[in-house]
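Based on the sequences and whatever the hints tell you, model everything.
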Amino acid sequence: MLQFLLRRLMFMIPTLIAISIVAFVIIQLPPGDFLTTMVASMAAQGEDMDQSAMRALEEQYGLGQPVHIQYLKWMQGIILRGDFGDSFGWNKPVAELLWSRLALTFVLSLASLLFVWVVAFPIGIYSAVKQYSIGDYFATFIGFLGLATPNFLLALILMYIAFKFFNQSVGGLFSPEYQEAPWSWGRVADLLAHLWVPVVIIGTAGTASLIRVMRANLLDELRKPYVVTARAKGLPEWRLLFKYPVRIALNPFVSTVGWVLPTLVSGAAIVSIVLSLPTTGPLLIRALLQQDMYLAASFIMLLSILTVIGTLVSDLLLAWLDPRIRME
Amino acid sequence: MAVTDAKTLPPETVSPRAADAEIESSVSVASQWQLMWWKFRKHRAAMVGGVVTLIIYVIAIFVEFLSPSSPGVIRADYTWAPPQQLHFFRQTENGMRWDPYVNGYKVEIDPEALRRTFVIDEEQIVDVGFFVRGETYEMWGLWESDLHLIGSTDAELPVYFLGADRMGRDLLSSMIYGTRVSMSIGLLGVFLSFFLGILLGGISGFYGGTVDNLIQRAIEFIRSIPTIPLWMGLAAALPTDWPPLRIYFGITIIISFIGWTGLARVVRGRFLSLRTEDFVMAARLDGASELTTIWRHMVPSFFSHIIASLTLSIPGMILAETSLSFLELGLRRPVVSWGVLLQEAQNIRSVATASWLLIPGLAVLVAVLALNFLGDGLRDAADPYNR
Amino acid sequence: MQKRNWTLNPGRLLAVLLIAIVAVGALAACGGAEPAAPAEEAPAAESAADDSGEAMADDGVSSNQAPALQEMVRNGDLPPLAERLPVNPAVVVPVDGIGQYGGTWNTALVGGSDTAWLVRTVSYIHPMGWTPQWDGVVPNAVEDVIASDDASEYTFIFREGQKWSDGAPFTAHDLAFWWNDQILNPDLSPGGTPGWMRAGEADAIFEAVDDHTLKITFDAPNGLFLQNLATPSGSIFTRVPMHYCSQFHADHNTENLDALIAENNANDWVHLYQMKCSSVPGTPSDSRWFNGDLPTLMPWRVAVAYGEGSQMILERNPYYWKVDTEGNQLPYIDRVVYDILEDREVLLLKVLNGEVDMMSRHFNTNDNKAVIADNREAGEYEFFETRSIGNTTGFHFNLTHKDARMREIFNDKNFRIAMSHCLNRQEIIDVLYIGQGEPMQSAIPKDMAEFYDEEWYSLYTEFDQALAHQYLADAGMTERDEDGYFLGPDGEPFSFVVQATEAFGFHDRAEMAVNQWQACGVNAQLSIVDRTLLYQRKDANEHDVHVWGAGTGPQIFLDPRHFFPFSAESTFAQTWVTWRTNPSGAGAMTQPEEPPDIVKHQMDLYAQILSSGDQAVQNELMKEILAIAKDQFYVIGTSSSPPGYGIVKNNFHNVPTSMPGSWQYPTPAPTQPEQYWISGE
Amino acid sequence: MDTPVLIEIKNLKTHFFLDEGTVQAVNGVDFTIHQHKTLCVVGESGCGKSVTARSILQIVDQPGRIVEGEILYHRPDRLSGVGLSEELPSPNGAGGSSSTEIIDLAALDPRGRQIREIRGQDISMIFQEPMTSLSPIHTVGNQITEAIKLHTDMLDDEADEHAIELLRRVGIPRPAERLETYPFELSGGMRQRVMIAMALSCNPALLIADEPTTAVDVTTQAQILELLEELQDDFGMAIMLITHDLGVVAEMADDVVVMYLGQVAERGDVESIFHDPKHPYTQALLKSIPKLGVSRTMQRLDSIRGMVPDPYNRPTGCMFGPRCDHFMPGRCDAINPPAIQLGDGREVHCLLYEDE
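Residue numbers (the working numbering), protein chains in the order written: chain W, 1 to 328; chain B, 1 to 387; chain X, 1 to 681; chain A, 1 to 356.
Honestly, the hints are just simulated from the structure, not real lab data.
Source: prediction; values computed, not measured.
Watch out, some of these pointers could steer you wrong.
As the list claims (entries may be wrong) - In silico lysine-lysine, DSS-like type, Cα no more than 30 angstroms apart, as pairs: (1) K287(A) <-> K37(A); (2) K37(A) <-> K42(B); (3) K42(B) <-> K224(W); (4) K287(A) <-> K130(W); (5) K130(W) <-> K42(B); (6) K37(A) <-> K10(A); (7) K73(W) <-> K92(W); (8) K402(X) <-> K413(X); (9) K13(A) <-> K37(A); (10) K13(A) <-> K39(B); (11) K276(X) <-> K73(W); (12) K37(A) <-> K149(A); (13) K224(W) <-> K39(B).
Okay, here's the thing in structure tokens:
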């Protein structure tokens, strides 16, 4: 097991290097750089910038250098000093920016994950056990509905409804009075009161696919003869269901669980923008749109690393859960 | 005597066990597609989904004829005009008479709020006809026509069955035109994914070993790159001096760039399990070339599965297109897609004062739902365990 | 001998008026007649304070300051008001009346680099400022300025006793330090001095004659210097406190610089200085917003810096150096809170919900006005008007096109006239502005009586396809292809691409224009692109037709971009611009190209404006430039701008109902937000 | 000679309700299983033998269900009441006990408590595919002790002990170690032994074996069958063996039921069935077995003419009619032959014997 782990970790090194290069290349793909983007967006607002200021910034950001030099400098900073560079747009170290937003992002992601699982598992199981029943059709329909609605549209409409009919303060995760307040029970309650909207919106799409996966997996398993064996032993239906097919149907699930966190961080980006949530998603999108190089690249790195680690975690979990894999 | 007896036995007779096998095999082989069809028919939602999908694609084909006008026609006096209800019968002295019409608008300008206020004018009647002559268009770029399924009989008085957008463009026409782009993006993207997925997944699964390892690592790598940045990077990198049509293809390629990895995994899995099956072995031993083996023997054996997977990935592509549009990286006018329309409606002004502009969202919803149900039904039908 | 010159007379008049009011106020204080007498302002404030009891609370703490500050003074946390205010504080005439202290101004920023709204609201502490009416410049952060006749030497007189927000004195040495040690330091300012500070060959010389006198000497006349100081560019002067920033400067701190670098995780001292004090105006790289420790002259100082949370918060600067006409220290409002939002639609909802007190940015589009108007009662807010003058849209045909054939066609004035007549401006106005505004050429707007030219205003603006076809015939375009599009003068098919971006609805206008040109028989094609790309293509001179604003206004002297190849924003002739600004072409995206004589003559005239200190002379020269521009017809204009708008809550006072709208102004800063006030709940 | 009746099936009908129509998988079946005896059910694939077996335990797959008939279970004394908490499996079982309690299994709720208590305890079952019939992710020990713990009060240790004992009984070497292994680590034969051990864990009165040897090779098949016989001697349970292999029947059976298309064609003791088959179908089946001692060149295997009809289009009258050499037009296609008792527990469903 330990050897397996070590080997996997070894494999990760070239992957990470490749990812860092790709991350850097992705942000170089669009034409222009941070400065030209900034000048253009300033001009769009009727604002302008002095040529000397532009040159000063170019120097400050090191944008005049060749791309590979920029890349090597960036990597050097990361490896030697753990320094991911500065965000141009925020004038701050990237790490500081990310950390300041990660806590709430994780709260949101975990809440969404929890929501998705709590909703999807029972429905998925029900849907499989009662295949082609009214309930199955209904669950399927609701699930697909969540899948089919563009999230950003749903977010906007929910927000408008919250404003129009509930007179609620919109956007963000806190009411104005708690925005910058220190943590207290009141603030936690306020957070929870705001959290459900994004959680539901982010959850809908995930729930749908999870229901489908659960249902499909379980249907496969339910038809396996070992279920009949168990039934012939006199096991009660529900116990049988959970001990055998559900447990096995979870395997494909577990194999993707490692991907969930990075997906929730980046997947919620569009919704977070619409809802103006202080999470990492909007930071990422904005960094990409502004070509805020180091912020975007570090971000992509972070997400990719999370994916790679997540995959590893999944594989370990899977090996732990499924003896067939463990024995290989 | 026994010998002659034996010789007179009918040639088709075999042992009961063999007969069993034959019966089973003839049932399953002869009508695999038929069995699928039976199975599929059982799934009512899938049937409905299939029919709706069909209708949507038919609309996509006959866009020019079906839409009352072309999506780019700007009319100054009809900015943000609300939908007009279509009446089929008109009240006359002799009772109700078949004569489709809509009521016109009374328009006032509100300079402070900077808008036109529209009131449906019961007095004013705009005649609506079927198969009317209207704007000329080129059907499929082949011949010119000016026949429209439905439209105003008076060129001066346009009708807005689904209302107008901020520049007085007809939403219904825009949506119909958008159908072609959005639905074909899904289809095209899926075929690209399909091609890549089959090719690479097939190679990976068929040869195994180093090749497999290499391709698997590559897939893992691509999947570990976050989707949105990848899309954004690629979409922003499209040279924008490309004509709209080429941009459209570019975006399709980008969207399918990620989709193929999932398909490749499925295909690989199938290949791996099929590789050891007797009939493939037999084909190989027979000296069939590997490509022939793949295409003639292996692909057909899981084709139904692939079709189901494909159907299920079309909605993802449609949604991806709308997401890209949301980020202002997708298609742009003069190309009209549902994503473009949604992006234009993605603001409070539309939600608050022109909710009809959200109808394209409904179109996305219906299309995605239909395709999902269809795919779901196909998958259930193709499922070998599910006989 | 030396003559005060504030470029426009009304401004000077106002300044005189202000001084008079101060004097009256001081007199009144001495006489003890006014109830809220600003006693401390008099030189002998300390001694006089005890006598004029009305302005004091019982314990001798002045009531001409916010209650919270009174409390701090009482507790000994803060020096008395008299010690915090300059001897002669700047006096602000409130728009509607004296206000009350207290309250929070809730407003918002979108994204992480939205410093422009900060610049427009809280940081208008430039040495010079526009009058609220935008008809002249007056001293602002300095008490007075004296310009030499040839506009090459300027003497700034500083207020005695004016202080930074940490209580350190603000003196001429601060500006001298900033110029000599920051701007002229090649490590800190690799880009050199700002363009508008350049006159002649040598860099300007800053000399602190004494604490309160700064002499700036240019190598050549710099006639627009004071005006530039009033624009956002001018904010760089008064933001670097020497006593704070010198500790990060290698030339000034030889003791613990390394420790500071390490402590702040900086790479070197330059990086450290940039983090703490650097200022690239108008860019996100502006330590004013990110370094809460940086002392400031602003009415509010940063309490929660930009990017530290989901809000940016500024709190009252207890050392602010302006008072109202009754001697009450400004600002009235305690705090300014900027919600940092990610999306404009959320901002709009907050506006509708009455969560924004006063704002005129991001949400205030034409399309949104209807829904905002609908919610006025529920949201308890009203509109105020921002008068943008000038043209809504300019179609910039590329006169220096890379392709010789295109260049020839575009350069034919008849062709451009034809294009202008093809435009149905009224339809554009009806669709996009709901009938607000009138057809207008890219000319001087009516509001600027000095330069207004009636004929030019409506030149070639009537929609007349037949006339257009005549002009096309004059340009040699008579034949059409099978699609009905005119062929080029050489008989070959001719088409061009109109590029526009989605910002501010330019794409809608471009779409309409393209439709109209097509209807007119000209094969125009629409290309809607990302604005970065739009700019890149423009900068690289790779565009056919660029759609952008064509507005102009009182800033015409500072930015005559539509009237001759002035800056990179003069999109119609990028190569000529390079020839003017960067003749060697080093590092330029477009290589320079010598313009025709008439254009060179315009450039020459502008150089003369710069070297003149006389407003009358400047006006005459400008008229000459404009006359040539009218004849050259560089940019095709569309329509006059309908007014923009902002919203202000009903309990938010002293906001003018109408004000100029412009970045150069920069709306609404010159209306003095420090005198805005909020009435009770 | 006859031991007491254990299971009595009367007019059992189990139908599958599909969209395409109703499949009458079991359509009026009667037979009896006696204590300690082996009953073999033979027939071609799809004749309803498996469904009959599953019907006994009420584990027919959806959408199938028992629509008519009775399955009377004469519960032996030792099993009546709470269970077999203190009882260890005795080599001789509780032979000879008279049945006091009669339960109609067909009337029980398939998901109910009563039938669950009978499953695995009174009646247990082994299946054709030992690989897929065992959960791949649970250990052998886990799966064996599951039923023990479910039906008895044994503690974990005791259950493990018992499981080891059972594994030893079914001939698995080093049984204690095997508890911790997973099914995929065992060979096919071993797996089937595990299945048997599992089925016998609660000392059932009836073991239903649904083609237990189809998926294993010939030698293993013989071993398994031998094992079953041994265990029957030891445990004293009745065995209902479902097979299509007449050789197995000859070797194992005490009684035989021949099924065709959801109905019983003929039943009786093994001797009489083999030596004096009455039903044309039985006769045809027997002809299709290769006979030892007859020269190969002389012999060709007989086969039954035609094919099993489509389950949706069942023939009218006698199900075997269309394939029968003795088909009597006008009668066989009109009358569904009733059971005709031939004495000695023999019964045949064929109009040929109507007069007798």
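Hint check results:
At roughly 26 angstroms between alpha-carbon atoms, K287(A) and K37(A) fall within 30 angstroms of each other, so this suggested pair holds. Distance restraint check for K37(A) and K42(B): the Cα-Cα separation of roughly 44 angstroms exceeds the 30 angstroms cut-off, and the hinted pair is therefore not satisfied. As the CA atoms of K42(B) and K224(W) are separated by approximately 22 angstroms, the hinted pair is consistent with the 30 angstroms bound. Between K287(A) and K130(W) the alpha-carbon distance is near 46 angstroms, which puts this suggested pair outside the 30 angstroms criterion.
Proposed proximity of K130(W) and K42(B) is supported: the alpha carbons are some 15 angstroms apart, at most 30 angstroms. For the hint pairing K37(A) with K10(A), the CA-to-CA distance comes to about 19 angstroms; that is within 30 angstroms, so the pair holds. Our distance criterion of 30 angstroms between C-alpha atoms is met by K73(W) and K92(W), whose separation comes to about 17 angstroms. Using a Cα cut-off of 30 angstroms, the hinted pair K402(X) and K413(X) holds, with the two alpha carbons roughly 18 angstroms apart.
Taking the CA atoms of K13(A) and K37(A), the gap is near 24 angstroms; set against the 30 angstroms cutoff, the hint holds. For the given pair, K13(A) sits about 26 angstroms from K39(B) by alpha-carbon distance, which is consistent with the 30 angstroms threshold. This hinted pair checks out: K276(X) and K73(W) have alpha carbons roughly 23 angstroms apart, not beyond 30 angstroms. A hinted pair counts as satisfied when its Cα atoms are at most 30 angstroms apart, and K37(A) with K149(A) qualifies at roughly 28 angstroms.
Pair hint K224(W) plus K39(B) holds up; C-alpha atoms about 19 angstroms apart against a cutoff of 30 angstroms.
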